[in-house]
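J.: Protein chains in written order, with the working numbering: chain A, 1 to 244; chain B, 245 to 329.
Any given hint could be a false lead.
[Said to hold, decoys possible] Taking lysine to aspartate or glutamate pairs in the EDC-like style, the calculated list, with each CA pair at most 16 Å apart, reads: (1) K239/A - D163/A; (2) K321/B - D230/A; (3) K239/A - D165/A; (4) K239/A - E205/A; (5) K321/B - E226/A; (6) K321/B - E290/B.
Simulated from the structure, these hints should not be mistaken for laboratory data.
Keep in mind it's a predicted model, so treat the numbers as computed, not measured.
Chain by chain, the residues run as shown.
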Amino acid sequence: MVQAAGTTLQCGLVKRSDEAAATPEDSTRYLAELAGVTPGDRVLDAGCGVGGPAMAIARAVPDVVIDGVTVSEVQAKLARDLIAEAGLADKVRVHVADFHRLPFGAGSFDVALYLEVTGYAPDRNSLYRESARVLRPGGTVYVKEVFRREDPLTETQRLSVADFDGLWACRVPTLSETIDGMRAAGLVGIRAREYPFVSMEHFYESMVSRDDGGIRLNEFGRAFLEIFSDFPAFFGEVKAQRQA
Amino acid sequence: MTTRSTGDDYLADIPGELVIRAQQDMDYAIRLLDSERRQEAIAEAELSLSEEQLAKLNNALDSIAQMSFQDVLQALKDLSVTRMV
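In isolation and in its complexed conformation, chain A is listed as follows (with noise of 0.2 Å):
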């Protein structure tokens, strides 16, 4: 999958405008910005995958310093394989934890990220208090998020969605529900929006390789393609904070 999709796997790329690059490198810097990620900022990044974003951040901020945090070994073995080469472990760290019980003191981050996994959470309102347990006051938890569009959905829009939850073996999440779970955490200033410019191209196109003018599914594609006739979703974010 790295092979394919790159150390960055989200199925969109948040871009500043439509004519913007769509790059997974700009993308990250774009959405650090969106999130309020600042020199000297310690950040959570909640299911690194191999650290794509993690790195891309710590290049672009100055003395951040970023702990990721993945389930799986073997992401983390080679998150770690990747940031050492990157030279950059003095910046990046990655621990192997559940997200709903992280391995850090209570008000350790000033910025907590999630980009495209609270649908990977089977509780995600323990995911939140964890989120404004580690949170320093006044910090900030970001999602970055496919989310399903609110009830009522049409028999073919629900069928989607239950096919997508099973292909990635997750439950896309509403943002009403985010917001819902924010709330019963007791982070404050909750505030919500579609982006208004995403691309999915380099998704997409990580599926495929292309020669003589033809074109494969790889490995990737072929566990993963599936186009959903009425997908009810959209990508967007909710932004709150730990009560100052």
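We have chain A; now place chain B onto it with these hints.
T.: What follows is chain B alone, placed relative to chain A:
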């Protein structure tokens, strides 16, 4: 979650039998776009195409294969090709 719809000029040169087959099997549709597996996929449909029709078909499929994969998927979606079997 999809982008612009593609033009459909190239579709006129794709025989309906292939479209129907592709609608039933996305893997077949993708094979038609794979330069190494295309001829085998066309042969499976047992069509009798003239050289001119075959050339037009290959051109049409080449045009699709050269698009971004996202646009390819939109083209497939326009043809109601939505599932792998």
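J.: Would you mind marking each hint as holding or not holding in the structure?
T.: The hints, checked one at a time:
Restraint check for K239/A and D163/A: not satisfied, since their Cα atoms lie roughly 28 Å apart, outside the 16 Å limit. A C-alpha spacing of about 10 Å is found between K321/B and D230/A, which places the hinted pair at or below 16 Å, so the restraint holds. With a C-alpha separation of about 24 Å, the suggested pairing of K239/A with D165/A is violated against the 16 Å cut-off. Proposed proximity of K239/A and E205/A is contradicted: the alpha carbons are some 30 Å apart, above 16 Å.
At most 16 Å may separate the alpha-carbon atoms for a hinted pair to count; K321/B and E226/A meet this at roughly 10 Å. Of the pairs offered as hints, the one joining K321/B and E290/B is violated, with about 25 Å between alpha carbons and a cut-off of 16 Å exceeded.
Violated hints for the displayed structure, listed by number in ascending order: 1, 3, 4, 6.
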